[in-house]
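Going by our numbering, the first residue of the sequence shown is number 62, and it counts up by one from there.
Keep in mind the hints are simulated off the structure, nothing from the lab.
Treat the hints loosely; a few may be bogus.
Straight line, CA to CA, 30 Å or less: simulated DSS-like cross-link-like pairs of lysine-lysine [said to hold, decoys possible]:
hint	residue 1	residue 2
1	Lys228	Lys111
2	Lys122	Lys177
3	Lys166	Lys111
Distance windows between CB atoms, simulated [to be verified]:
hint	residue 1	residue 2	range
4	Lys232	Gly201	39 to 47 Å
5	Lys232	Tyr182	13 to 21 Å
6	Glu82	Asp226	27 to 35 Å
7	Tyr191	Val116	16 to 24 Å
8	Gln175	Lys232	16 to 24 Å
The C-beta atom is built at its ideal place from N, Cα and C for all residues, glycine as well.
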Amino acid sequence: QAIPQADKDVESCFLLSWYIENGKTTVTASSHLNTNKRNAFKIVSVDESKAEGDVLCYDDKFFLYSEHVGECIAIDKGEDQVKDDQKIYQLESERPTFTHSVQNKSGKQGVSLQKKNVKEYRSNWQIFCYDPQFRVETSGTPVRVYDKVLINHCKTNERLRVMHDYKTRTKFGHEYEVVAHTHLNSH
Numbered sequence: 062q063a064i065p066q067a068d069k070d071v072e073s074c075f076l077l078s079w080y081i082e083n084g085k086t087t088v089t090a091s092s093h094l095n096t097n098k099r100n101a102f103k104i105v106s107v108d109e110s111k112a113e114g115d116v117l118c119y120d121d122k123f124f125l126y127s128e129h130v131g132e133c134i135a136i137d138k139g140e141d142q143v144k145d146d147q148k149i150y151q152l153e154s155e156r157p158t159f160t161h162s163v164q165n166k167s168g169k170q171g172v173s174l175q176k177k178n179v180k181e182y183r184s185n186w187q188i189f190c191y192d193p194q195f196r197v198e199t200s201g202t203p204v205r206v207y208d209k210v211l212i213n214h215c216k217t218n219e220r221l222r223v224m225h226d227y228k229t230r231t232k233f234g235h236e237y238e239v240v241a242h243t244h245l246n247s248h
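Let the sequences and hints guide you as you build the complete structure.
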């Protein structure tokens, strides 16, 4: 199948990834489109209505898990084996408060990977059709490969967003900051 021209645009193609520095796990986006352990996430249904391998549909609520963060932290610490309770990290976001401050350059709502195996509402995500005029029609239909989509944080109703203006230098090169922030435009 041919890739539509709009999807070949480098600015629209990023992989969500993470890196560990000083014991802290940071979520970033990379324009390098090679798959590896840093950008492999597992999608799991929130209400367990879908089995592993089922098709993801628009408006489905899901968790994003990374099963490789714990093993990388263990290697970093010089440990041989990863404990079961430290294997799974899930993508989550929380509005800034007095106890939960903003840790990123942009000052927007942060996104992080937390060591949890608990199904919390701050870890719920949902896929919406990019074009708001078709959101009702696409609700419940399968998400197709190369569709332009919005990933929505269910608790705060903010979209997962790559901040092009805020680069972070990592040991893997320059990567972009990832936040939960809705940027309104006319499409």
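Exercise. Hints broken by the structure, by number, lowest first?
Worked result: 1, 3, 5 and 6
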